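There are 4 protein chains.
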Amino acid sequence: MVRVAIAGASGYTGFELIRIMGQHPEVALTTITSRAQMGQRLDDFYPAFRGHFELVFQEPDPEILTRNADLVFTALPHQAAMDMVPALLDRGVKVIDLSADYRFRDPAVYEAWYQPHKTPELLTEAVYGLPELYRDAISRARLVGNPGCYPTSIILAAAPLLHYGLVRPETVIADSKSGVSGAGRGASLAVHFCEVNEGFKAYKVCEHRHTPEIEQELGRLAGRPVTINFTPHLVPMSRGILSTVYASIESGVSPERIDEAFRSFYTEAPFVRLCRRGEFPSTLQVRGSNHCDLGWRVDPRTQRVVVVSVIDNLTRGASGQAVCNLNLMCGLPETAGLAAAPWQP
Amino acid sequence: MVRVAIAGASGYTGFELIRIMGQHPEVALTTITSRAQMGQRLDDFYPAFRGHFELVFQEPDPEILTRNADLVFTALPHQAAMDMVPALLDRGVKVIDLSADYRFRDPAVYEAWYQPHKTPELLTEAVYGLPELYRDAISRARLVGNPGCYPTSIILAAAPLLHYGLVRPETVIADSKSGVSGAGRGASLAVHFCEVNEGFKAYKVCEHRHTPEIEQELGRLAGRPVTINFTPHLVPMSRGILSTVYASIESGVSPERIDEAFRSFYTEAPFVRLCRRGEFPSTLQVRGSNHCDLGWRVDPRTQRVVVVSVIDNLTRGASGQAVCNLNLMCGLPETAGLAAAPWQP
Amino acid sequence: MVRVAIAGASGYTGFELIRIMGQHPEVALTTITSRAQMGQRLDDFYPAFRGHFELVFQEPDPEILTRNADLVFTALPHQAAMDMVPALLDRGVKVIDLSADYRFRDPAVYEAWYQPHKTPELLTEAVYGLPELYRDAISRARLVGNPGCYPTSIILAAAPLLHYGLVRPETVIADSKSGVSGAGRGASLAVHFCEVNEGFKAYKVCEHRHTPEIEQELGRLAGRPVTINFTPHLVPMSRGILSTVYASIESGVSPERIDEAFRSFYTEAPFVRLCRRGEFPSTLQVRGSNHCDLGWRVDPRTQRVVVVSVIDNLTRGASGQAVCNLNLMCGLPETAGLAAAPWQP
Amino acid sequence: MVRVAIAGASGYTGFELIRIMGQHPEVALTTITSRAQMGQRLDDFYPAFRGHFELVFQEPDPEILTRNADLVFTALPHQAAMDMVPALLDRGVKVIDLSADYRFRDPAVYEAWYQPHKTPELLTEAVYGLPELYRDAISRARLVGNPGCYPTSIILAAAPLLHYGLVRPETVIADSKSGVSGAGRGASLAVHFCEVNEGFKAYKVCEHRHTPEIEQELGRLAGRPVTINFTPHLVPMSRGILSTVYASIESGVSPERIDEAFRSFYTEAPFVRLCRRGEFPSTLQVRGSNHCDLGWRVDPRTQRVVVVSVIDNLTRGASGQAVCNLNLMCGLPETAGLAAAPWQP
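Chains as they are written, first to last, in the numbering used here: chain P, 7 to 351; chain E, 7 to 351; chain R, 7 to 351; chain F, 7 to 351.
The set of hints was computed from the structure by calculation and includes no laboratory data. Each hint should be verified, as a subset may be incorrect.
Same chains, same names: a pair is fine if it fits in one copy or spans any two.
[Said to hold, decoys possible] Below, a list of computed lysine to any residue pairs in the SDA-like style, where the Cα atoms sit at most 20 Å apart: (1) Lys210 <-> Thr233; (2) Lys210 <-> Val304; (3) Lys124 <-> Asp96; (4) Lys124 <-> Leu95; (5) Lys210 <-> Glu285; (6) Lys210 <-> Pro261; (7) Lys210 <-> Arg269; (8) Lys210 <-> Leu280; (9) Lys210 <-> Glu32; (10) Lys124 <-> Val304; (11) Lys124 <-> Pro113; (12) Lys210 <-> Thr308; (13) Lys124 <-> Pro68.
Just so it is clear, the structure is predicted and the values come from calculations on it, not from any experiment.
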């Protein structure tokens with residue numbers, strides 16, 4: 007059994023991590039911490055967990071977190087993560103960080119979009135935790151930067167196209183739509199039921215911090231720098247992200263070539279499911295699962311390909327993917343703890 | 007392994023049965039049938055199941071259903087169930103029927119609220135599948151009538167009060183609120199998104215067919231006939247039932263006596279969870295699980311007790327309870343396949 | 007033209023008051039105040055109002071509020087209202103207070119459920135602003151206590167039954183369900199979209215502060231003290247209240263007598279609409295209007311009558327009713343500014 | 007008073023037309039027809055209208071429709087509209103058709119995306135009913151083709167950019183998101199509450215019939231043929247469309263030039279509201295109104311402009327715009343009947 011601790015376990019991402027741990031045959035969740043809920047029983051804070059877990063929120067201290075753990079998930083805000091991670095690694099555990107702090111190769115990019123980085127030297131070592139792109143490196147990693155939710159949905163949609171050189175990288179546009187849980191559990195007017203319900207909107211247009219993360223990975227796939235437009239929107243629903251990705255195809259690329267690219271790129275990917283031709287996925291069909299479902303179509307009128315990807319933002323976009331990374335880092339089957347079917351309706 | 011078949015597997019109840027089977031360590035789902043979807047792959051009909059099941063909908067024929075099954079779930083409409091069940095029993099399988107056809111002891115009651123019964127003789131044998139009340143009888147049963155969703159939520163809320171004689175049975179009022187999936191997957195104006203959204207309403211006031219089912223069980227608990235008011239309402243959400251049950255307490259009954267009644271009645275019930283004093287449950291905390299969570303309060307001003315119960319109408323109110331009954335009928339642990347924590351948010 | 011000011015105009019109730027003023031042919035809205043938004047343009051705070059109003063939030067000062075006003079709406083929290091109202095009345099304006107501070111005849115009742123009252127002498131003068139019960143007194147009033155949203159829905163449902171002595175007052179139970187806007191516009195975990203969505207729940211069971219307000223009015227109608235059970239629930243929708251009211255009928259009362267009671271009690275009530283026999287209303291059919299729609303049924307099995315009422319909690323349950331009171335107080339037609347049809351879907 | 011009839015009045019578009027008529031000071035609604043509801047009272051079919059209208063659905067016959075009308079709205083399905091419109095015009099009334107049948111200048115385009123056209127000669131006469139583009143022509147028209155909901159939101163977003171030659175027409179991409187009422191009131195699995203709720207999806211990718219309508223108008227604005235990508239999505243909400251429009255700016259075009267283009271193009275447009283710089287609109291702020299609110303931003307990194315437009319699909323996207331066209335055709339003020347502020351929340 008892999009012994010696991012979670013730092014920052016009281017939010018939606020923490021809930022989802024704990025829920026998945028409860029189904030995982032090879033993992034024992036030993037420790038959860040939360041500064042705000044310190045001392046409280048988990049099942050008082052989340053009555054949903056009554057009868058399932060006996061845990062109590064503890065102080066978010068490296069010593070406590072590593073005492074009974076082989077691996078620690080850090081589900082902390084940006085900045086707080088990099089304050090904690092080095093001390094955890096020093097104590098010999100593996101770390102999967104769910105913040106943005108260890109997702110970037112180039113500290114300058116992180117610093118341009120976030121703030122000064124305190125441990126830039128760790129960026130060289132950290133692996134970007136998208137299994138479809140870095141399965142082997144993750145398997146050997148001590149520190150994984152778990153991808154953002156939007157980037158996961160967009161990179162998986164565009165990867166085959168860029169990897170095989172089928173589209174012009176500078177034409178990529180990603181129009182994304184997310185459920186509200188992506189904003190976290192903190193109270194604010196922006197997530198008030200009456201402001202969200204019937205109130206579809208775009209936000210952080212041309213300035214969302216997931217942009218450089220997407221560009222980093224698309225650039226690696228394309229073999230050269232890529233600059234994109236990324237527009238996030240808020241959907242009146244709790245869970246799910248759908249990204250609609252547009253790109254102009256290179257001259258002469260046939261729809262069949264595109265189909266083939268998706269099939270061959272994802273041959274070994276247990277969590278990527280391809281729609282039949284002409285079908286497009288709904289967020290409903292991946293809810294509660296680690297799947298990313300993809301549909302696409304070439305428009306012969308405009309010579310663009312349109313790819314639609316759906317994920318559950320809390321599972322594939324955060325905690326499920328983190329558990330998948332744990333599986334790889336600890337030599338477990340990639341799908342351990344993640345085999346349950348999606349929820350519907 | 008228990009081999010299982012489902013007759014009428016294409017609706018929401020069928021989906022939920024299949025989903026749970028996929029997590030059940032002791033069950034193999036071998037056969038699904040659906041007249042409307044006959045010949046279609048399950049994962050074409052429900053893309054959510056892609057990669058999880060290789061099944062194809064077959065003809066709803068007793069021979070086909072029993073060929074590779076030890077137990078059959080019949081998730082058919084009223085009437086269609088009693089056309090099918092005798093033939094299944096004759097072929098030696100156990101049956102859990104999710105319709106109303108085998109929930110009543112007295113054929114006259116069934117016939118007064120539904121239609122003529124074709125196999126009244128089976129009503130003597132059929133066991134009402136509410137494990138908290140009939141655990142032993144279910145364990146020995148060949149045929150179980152799986153309870154309705156509303157009755158499950160109301161009977162569990164009122165049972166301790168009536169069993170211990172703490173309230174006046176003729177004062178019981180049950181005001182229930184259900185998510186839309188309770189209406190099934192068939193298209194109709196009543197379930198059109200734009201008619202449901204922002205459109206809370208009561209329906210079938212004083213005439214819902216779950217009334218006699220609730221009265222049958224409350225009467226058994228009280229030791230005498232009970233007549234109640236039951237008012238169902240439709241909530242703009244997909245899953246969940248909350249029932250608010252009112253009853254006048256017998257003179258001299260203290261709040262502590264009520265607390266004790268709930269605790270002792272449900273000592274051995276793994277799926278009933280009691281709230282702390284002064285707390286009341288939300289449907290959110292049981293979603294996707296077989297739990298029934300209960301909160302209650304005695305109002306000293308009116309000498310009434312108010313009990314609030316929540317269940318997931320598709321899990322505890324139908325398919326999860328059916329699997330629990332399967333566990334009991336087949337000598338498996340009561341919680342097998344049902345141990346996963348609820349989903350949130 | 008009646009010149010009007012609003013104290014505390016930045017919440018949902020304020021928005022709704024302003025919106026209705028914009029359609030009112032006989033009213034000029036001159037002044038809005040808000041401590042938190044002081045100095046901000048209304049249409050910056052609420053872009054919905056761009057092009058409709060040129061107002062700026064001012065300081066909530068009695069001098070400012072009364073400078074250009076014949077009547078002031080106070081849409082302030084409990085307690086803040088009674089700090090403001092006397093100073094407004096002293097300056098010679100009429101006041102409609104939307105808080106609970108002027109709804110009670112007996113200061114002791116107010117003080118038992120709220121806090122000490124600072125101006126108990128005004129309670130003698132204040133009129134409870136439910137036009138169907140107090141049309142004449144409202145017409146002559148200088149100070150109106152605008153009813154609570156739940157009380158409006160419940161009192162209108164039960165009034166004919168108690169007024170004509172058709173039910174036993176001590177058997178009244180009111181089970182109410184409200185949209186989220188009833189909780190106001192303040193941010194909190196309780197109104198976070200992800201906590202509300204799919205999370206139906208009861209709250210303040212047996213202890214909601216609207217209880218004594220309902221009892222005061224039902225008691226007046228019955229001619230003797232009435233004690234009830236009132237249970238509020240939160241519905242995942244923005245607007246609307248549905249109350250289901252139960253009462254045991256007096257011996258020998260026929261369904262026809264009940265029908266007649268509703269018809270004759272509401273003969274002159276332009277905003278109360280009665281359903282046809284066997285029909286029950288949905289919150290959708292009153293959205294954005296000042297209507298209260300009523301349906302009812304006598305259950306011959308239990309000798310109880312079940313009444314269902316629906317209102318829009320922000321319109322009939324607050325701002326629309328306040329405007330109706332303004333109309334009466336200022337000698338305008340009762341329906342002025344309130345004649346537009348409901349919104350659907 | 008302008009006397010008005012509606013053919014096909016039972017759907018959501020019909021409801022919205024009737025609702026607006028009820029507030030219109032210069033219009034008398036005399037006749038409504040519906041094949042399916044013929045003979046039924048409007049307020050039995052829509053209890054929301056009880057007390058507001060005394061109308062009965064009549065047979066959809068040209069003679070009946072024109073008997074008491076100066077202008078007829080045809081809210082019929084495609085094809086049914088062109089069967090009816092010529093007979094109405096022959097009887098001397100003006101017609102505003104809400105289907106696609108009279109939106110196209112070139113019959114060949116209509117026939118390529120819809121079906122054979124029966125009255126192509128009327129296409130020369132018909133005016134595309136987007137007041138911001140064709141105010142004068144509409145004023146003189148006998149027949150107006152009322153724009154589609156998606157086209158309205160997209161054309162208004164892109165018009166200034168193309169009119170002033172600020173973007174490259176071949177780079178336009180429109181990613182649109184609509185509430186469910188856009189699908190109409192007919193029952194189907196696609197609009198079942200449980201399939202929509204938490205189920206965000208794209209549909210008719212690269213093949214939606216609104217594409218050629220958008221291209222026709224963008225082409226006129228650009229002065230040359232335009233081919234675009236248009237992707238519609240279904241949002242779990244009742245009302246509202248948000249379109250996110252992308253285009254590459256011509257070399258040297260500054261953000262200030264773009265700002266100026268929007269301001270000058272919409273100087274005289276009472277229903278187009280421009281956001282402040284850096285702000286983007288939500289569908290919530292236009293609900294129930296005829297407004298189109300626009301926000302935009304130039305991305306210096308990609309040299310693209312992103313425009314976000316929001317409308318209420320039933321008001322500005324259908325019935326409100328139709329009433330605006332009536333106003334222009336009948337010499338009434340453009341905003342008559344449409345001056346009420348949006349609804350919130």
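Each hint, compared with the structure:
Taking CA atoms no more than 20 Å apart as the test, Lys210 paired with Thr233 passes inside one copy only; the shortest distance there is 17 Å, against 28 Å between copies. Only between protomers do Lys210 and Val304 lie at most 20 Å apart by alpha-carbon distance; the minimum there is 13 Å, versus 29 Å within a single protomer. For the identical chains of this complex, Lys124 and Asp96 are intra-copy neighbours only, at 15 Å inside a copy versus 63 Å across copies, given an alpha-carbon limit of 20 Å. Within a single copy, Lys124 and Leu95 get their C-alpha atoms as close as 15 Å, which meets the 20 Å cut-off; across copies the closest is 62 Å, which misses it.
Taking the closest pair of Cα atoms, Lys210 and Glu285 come within 20 Å of each other only across two copies (9 Å); inside a single copy the shortest separation is 30 Å, beyond that limit. Within a single copy, Lys210 and Pro261 get their C-alpha atoms only as close as 34 Å, which misses the 20 Å cut-off; across copies the closest is 17 Å, which meets it. When the C-alpha separation of Lys210 and Arg269 is checked against a cutoff of 20 Å, the pair qualifies neither within a copy, at 34 Å, nor between copies, at 23 Å. Taking identical chains as interchangeable, the C-alpha atoms of Lys210 and Leu280 lie at most 20 Å apart only when they sit on different chains, with a minimum of 18 Å there against 30 Å within one chain.
Within a single copy, Lys210 and Glu32 get their C-alpha atoms no closer than 40 Å, and across copies no closer than 43 Å, so neither meets the 20 Å cut-off. When the C-alpha separation of Lys124 and Val304 is checked against a cutoff of 20 Å, the pair qualifies neither within a copy, at 45 Å, nor between copies, at 33 Å. When the C-alpha separation of Lys124 and Pro113 is checked against a cutoff of 20 Å, the pair qualifies only within one copy, where the shortest distance is 10 Å, while the shortest distance between copies is 62 Å. For a Cα distance limit of 20 Å, the shortest separation of Lys210 from Thr308 across copies, 16 Å, qualifies, whereas the shortest one inside one copy, 28 Å, does not.
Only within a single protomer do Lys124 and Pro68 lie at most 20 Å apart by alpha-carbon distance; the minimum there is 17 Å, versus 54 Å between protomers.
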